[in-house]
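Colleague: These protein sequences, in sequence, are chains U and D. Basically the working numbering = 1-based index in the first sequence + 3. Basically the working numbering = 1-based index in the second sequence + 23.
A couple of the hints might just be wrong.
Examples of chain D residues toward chain U, derived with CB under 7 Å [to be verified]:
| hint | residue |
| --- | --- |
| 1 | Arg-76 |
| 2 | Pro-94 |
| 3 | Arg-96 |
| 4 | Asp-109 |
| 5 | Val-116 |
| 6 | Glu-117 |
| 7 | Gln-118 |
| 8 | Val-119 |
| 9 | Gly-126 |
With a straight-line cut-off of 20 Å between C-alpha atoms, the simulated EDC-like cross-links for lysine to aspartate or glutamate are [stated by the list, open to error]:
| hint | chain 1 | residue 1 | chain 2 | residue 2 |
| --- | --- | --- | --- | --- |
| 10 | U | Lys-73 | D | Glu-161 |
| 11 | U | Lys-73 | D | Glu-70 |
| 12 | U | Lys-73 | D | Glu-124 |
| 13 | U | Lys-73 | D | Asp-74 |
| 14 | U | Lys-73 | D | Asp-143 |
| 15 | U | Lys-73 | D | Glu-93 |
Calculated directly from the structure, the hints in this document are not laboratory data. A virtual CB, placed ideally from N, CA and C, is assigned to each residue, including glycine.
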Amino acid sequence: MPPKPHRILLDRVSGYADEAAAFMRRRRVARRPFARLYYPSGRSRDHAGDSTAGAELFVAAGRLIEVAGKRPKP
Amino acid sequence: MAQTTTTVIQEARARDTVGIFNDVPDAAATEAVSGDSAEAALAFLAEVSPDLRGAAILGGDGSVLAAAGEPERWGEDAAVLFAAADAAGDEAVEQVHIATEQGEVFALRHEGLAAVAVTDRFALASLMLFDMRATLRELARGRADAS
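Same shape as in the complex, but just chain D:
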């Protein structure tokens, strides 16, 4: 069976997937997301993610649209996390996954919105990030329909 070399596959991957990740946060894109729809999106995320302890949805400007618990603290701590993540590299980060002994933290920027989630240890990372991305996509779609 003919095989493609790994280098070629990696090049193709970089070429073909770059478009998928082009939607880096845009502060202007967060307008018109209502608190109610963000709350509903957060409730959906909690429902589909059994390992979730808490989460927050933020606008591109860092404002908290919905949070499980104290919105101010979620906003502050999410801002610190994104700032630390952005400072760690030479470009803005898209996804963050940090695993500690106490739990796991996921953060994602998508379509001008951001989501931060805390789960139990050993949560399925790909599934969690998929759910967060789907939640933000639905929220953004609702925003686009409203405008």
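Next comes chain U alone, as it looks inside the complex:
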């Protein structure tokens, strides 16, 4: 039996809502700040922003971003 027309519409709307939710979830993950250090031995380490080392790294990075300023728009 073919689906009722309003069901097609509902499915389409919920499909778009799912896509939007997935996009927002990916965006939230991608936008999360991080501090990653790489060592000569080849290992790397992440530091959370709420740790002491992480906080110091974020402060230092913030100062550098400030001194670099905004990029002039072409």
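Position chain D relative to chain U; hints supplied.
Modeller: Structure of chain D alone, referenced to chain U:
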């Protein structure tokens, strides 16, 4: 198809790549890099990196060889960053990548020189670090040719 276990691959990677990273900063190695060549290297870095907002090239002793903007502030802030990064672990750091809402910061030590760069968000990290490494390598090569 025969497969190698991950553990073996990781061991091989550690064994084979350790030599690549042996060139940790050496303050004595920064002598004879001229300001002009450092400026040229910085201009090259800015040209090949479209996401770049600003950058600085430093000697192993922390002296600013070239910078986009205020050299004193770049020197001070880069020193603070490297100090914080070194203090975060039990050995000197080679690369730093920090992403914030306002932008991304990259720092790299290579062949006795150091580079610090600030980019827009979501810059390609591997490409940025590759360009910075290539810039420092060329600068160091120029220094070796001059001496």
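Colleague: Closer than 7 Å between Cβ atoms is the bar; does D:Pro-94 clear it against chain U? Give me holds or violated.
Modeller: Violated, about 10 Å.
Colleague: Going by Cβ atoms only, is D:Asp-109 closer than 7 Å to chain U?
Modeller: Result: violated, 9 Å to nearest chain U Cβ.
Colleague: May I ask you to test the interface hint for D:Arg-76 with respect to chain U, counting a Cβ-Cβ separation under 7 Å as satisfied?
Modeller: holds, 4 Å
Colleague: Hold the hint about D:Arg-96 up to the distance rule: shortest CB distance to chain U must be less than 7 Å.
Modeller: Holds - the Cβ of D:Arg-96 comes within 7 Å of chain U, reaching about 5 Å at its closest.
Colleague: For the pair supplied as a hint, U:Lys-73 and D:Glu-70, confirm whether the alpha-carbon distance does not exceed 20 Å.
Modeller: holds, 17 Å
Colleague: Would you check the hint for U:Lys-73 and D:Glu-93, treating anything up to 20 Å between C-alpha atoms as holding?
Modeller: holds, 14 Å
Colleague: Taking the least C-beta to C-beta distance, is D:Val-116 closer than 7 Å to chain U?
Modeller: Interface hint status for D:Val-116: holds (5 Å vs cutoff 7 Å).
Colleague: Does the structure keep U:Lys-73 and D:Asp-143 at a Cα separation of 20 Å or less?
Modeller: holds, 9 Å
Colleague: Using the nearest Cβ pair, does D:Val-119 come within less than 7 Å of chain U?
Modeller: Result: holds, 6 Å to nearest chain U Cβ.
Colleague: So, D:Gln-118 near chain U? Judge it on the closest CB pair being under 7 Å.
Modeller: holds, 4 Å
Colleague: Can D:Glu-117 be said to touch chain U, with a Cβ gap under 7 Å?
Modeller: holds, 5 Å
Colleague: Sort out whether D:Asp-74 lies within 20 Å of U:Lys-73, counting only the CA atoms.
Modeller: holds, 11 Å
Hint compliance for this structure: hints 2, 4 and 10 are not met, and every other hint is.
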